[in-house]
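A.B. asks: Here's the letter readout for the chains.
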Amino acid sequence: MNLYFDNCATSFPKPSAVAEAMSKHLNETGGTYGRSAYPRILQSTRLVEECRDQLASLMGASDAGKIIFTANATTALNLMVQGICKKGGHVLTSAMEHNAIARPLEHMRQLGLIEWEQLESEHDGRILVDKIAAKLRPNTILVAICHMSNVNGMAQTPGAVKQAIGEIPLLIDASQSLGQHPVEVDNWGVDFLAFTGHKSLLGPTGTGGAFIRHPEMVEPLLFGGTGSGSESLSMPNFVPDRFEAGTPNITGIHGLNAALKNRPVPQHTRSDFADLLTEVKRDKNYLVRCAADFTNQGKLFSIVHLYLSGSELALRFYEQFGIECRAGLHCAPLAHRHLGSFPTGDCRFSLSPYHTPEELNYLAKAIHDAGR
Amino acid sequence: MLAGKEIFLFQNIRQVILAERWCVENKLEVKVIPVPRPYSTECGMCLEVSAEDGDMLQQFASDQGMMTQRIKG
Numbered sequence: 228m229n230l231y232f233d234n235c236a237t238s239f240p241k242p243s244a245v246a247e248a249m250s251k252h253l254n255e256t257g258g259t260y261g262r263s264a265y266p267r268i269l270q271s272t273r274l275v276e277e278c279r280d281q282l283a284s285l286m287g288a289s290d291a292g293k294i295i296f297t298a299n300a301t302t303a304l305n306l307m308v309q310g311i312c313k314k315g316g317h318v319l320t321s322a323m324e325h326n327a328i329a330r331p332l333e334h335m336r337q338l339g340l341i342e343w344e345q346l347e348s349e350h351d352g353r354i355l356v357d358k359i360a361a362k363l364r365p366n367t368i369l370v371a372i373c374h375m376s377n378v379n380g381m382a383q384t385p386g387a388v389k390q391a392i393g394e395i396p397l398l399i400d401a402s403q404s405l406g407q408h409p410v411e412v413d414n415w416g417v418d419f420l421a422f423t424g425h426k427s428l429l430g431p432t433g434t435g436g437a438f439i440r441h442p443e444m445v446e447p448l449l450f451g452g453t454g455s456g457s458e459s460l461s462m463p464n465f466v467p468d469r470f471e472a473g474t475p476n477i478t479g480i481h482g483l484n485a486a487l488k489n490r491p492v493p494q495h496t497r498s499d500f501a502d503l504l505t506e507v508k509r510d511k512n513y514l515v516r517c518a519a520d521f522t523n524q525g526k527l528f529s530i531v532h533l534y535l536s537g538s539e540l541a542l543r544f545y546e547q548f549g550i551e552c553r554a555g556l557h558c559a560p561l562a563h564r565h566l567g568s569f570p571t572g573d574c575r576f577s578l579s580p581y582h583t584p585e586e587l588n589y590l591a592k593a594i595h596d597a598g599r
Numbered sequence: 005m006l007a008g009k010e011i012f013l014f015q016n017i018r019q020v021i022l023a024e025r026w027c028v029e030n031k032l033e034v035k036v037i038p039v040p041r042p043y044s045t046e047c048g049m050c051l052e053v054s055a056e057d058g059d060m061l062q063q064f065a066s067d068q069g070m071m072t073q074r075i076k077g
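Chains as they are written, first to last, in this note's numbering: chain G, 228 to 599; chain X, 5 to 77.
I should point out that these hints are in silico values taken from the structure, not numbers from a laboratory.
A quick note: this is a predicted structure, and the numbers were derived from the prediction, not measured.
Some hints here could point you the wrong way.
In the DSS-like style, the derived pairs of lysine-lysine whose C-alpha atoms are separated by at most 30 Å in a straight line are [to be verified]:
1. G:Lys488 with X:Lys31
2. X:Lys35 with G:Lys488
3. G:Lys313 with G:Lys358
4. X:Lys9 with X:Lys35
5. G:Lys251 with X:Lys35
6. G:Lys358 with G:Lys389
7. X:Lys9 with G:Lys251
8. G:Lys313 with G:Lys251
9. G:Lys313 with G:Lys389
Could you build the full structure based on these sequences and the hints that come with them?
C.D. replies: Next comes the structure, spelled out in structure tokens:
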């Protein structure tokens, strides 16, 4: 029985093709990215570009050349937040931000470069789109929002947000959403997106990246060799090279590519997940943190017990039921402030496509039993 | 460079791979080779095609908005 319910932290298991692809690169094929032209390099480089193309297709981006690889979503967000905010201005976020956005913004504020504030939201953190206009200023340079909360699984509607902000650039953090929820950067008009490879995409840790529609608006975070324009001491002004200094995580990208080509058929239905949430909400010992409208619900939710702390609950789940879940603030203190669970946090469960209906039923029963 | 061949240099690695893929899909004879020193240090690899296919590859590159340097043998 698969009792790992911490897929928001990092997904497990992965498709077997992920480890096979990584092992093949490490043990058989080898080869770096570009730099020369012998067959080993060519094969390795083709797979990196195939991965870029697959990611573009998945997120609805017509220009895969604007996807760049980084070590994780946090690096990508730092690149974009710091790279865009260097010139100063005013930034808006949602109430549900992870520290991956909040800390870079706060750092830029402490340097005296920007001011930032939150947009008004519903109880579940959903942005009140019709209240956005009142928050905009002449010097608003960016709206940066977490697409899907890692605390309650609520997904924002980036297309509606973009309509409300017009020409102001929109950055979305798709760390939780890409791979489990529709993402359409072109149709929505998203200007910047950060993703990670090891969560819903089921790839290895150490992979992630960004979609950067306007490379000219972003100062590079890293400087170094790209295998292009080498006669110049400045970074190239074309993408992806402008933001990919140094040898990328080729082994990891091959693994991510394999994950994208071998997406598992979900073992449970959306209805099974809805039944689980309904069952948990019946339990009067808990407050359930989830989206108000199930249409916007990602495959995660949190619970707050009337008396037990999140950490006490998590220990109980593991020791009595073998269930692995996560307690605490989930690196999202702002979201917990909004939801009313700061500073104690809560206990979070996040699903995998490999979970069966029987495993979801087991979880529901364990939640009832642990809370008594 | 061999007579009857052309070399295409691209702005970056991604463009080389995309152009090579297009050549293979369209059954052009293509070879990925290291960038010859006399021409550029732009990136580590470039494409060699037959002279008779050069115009087709140039058209593809132009359609894609790729910046290329074309060297005829």
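A.B. asks: All hints are to be evaluated individually against the structure, with a verdict given for each.
C.D. replies: Results of checking the hints against the structure:
| no. | hint | result |
| --- | --- | --- |
| 1 | G:Lys488 with X:Lys31 | 25 Å, holds |
| 2 | X:Lys35 with G:Lys488 | 27 Å, holds |
| 3 | G:Lys313 with G:Lys358 | 27 Å, holds |
| 4 | X:Lys9 with X:Lys35 | 10 Å, holds |
| 5 | G:Lys251 with X:Lys35 | 25 Å, holds |
| 6 | G:Lys358 with G:Lys389 | 13 Å, holds |
| 7 | X:Lys9 with G:Lys251 | 35 Å, violated |
| 8 | G:Lys313 with G:Lys251 | 42 Å, violated |
| 9 | G:Lys313 with G:Lys389 | 22 Å, holds |
The structure shown violates the earlier hints numbered 7 and 8.
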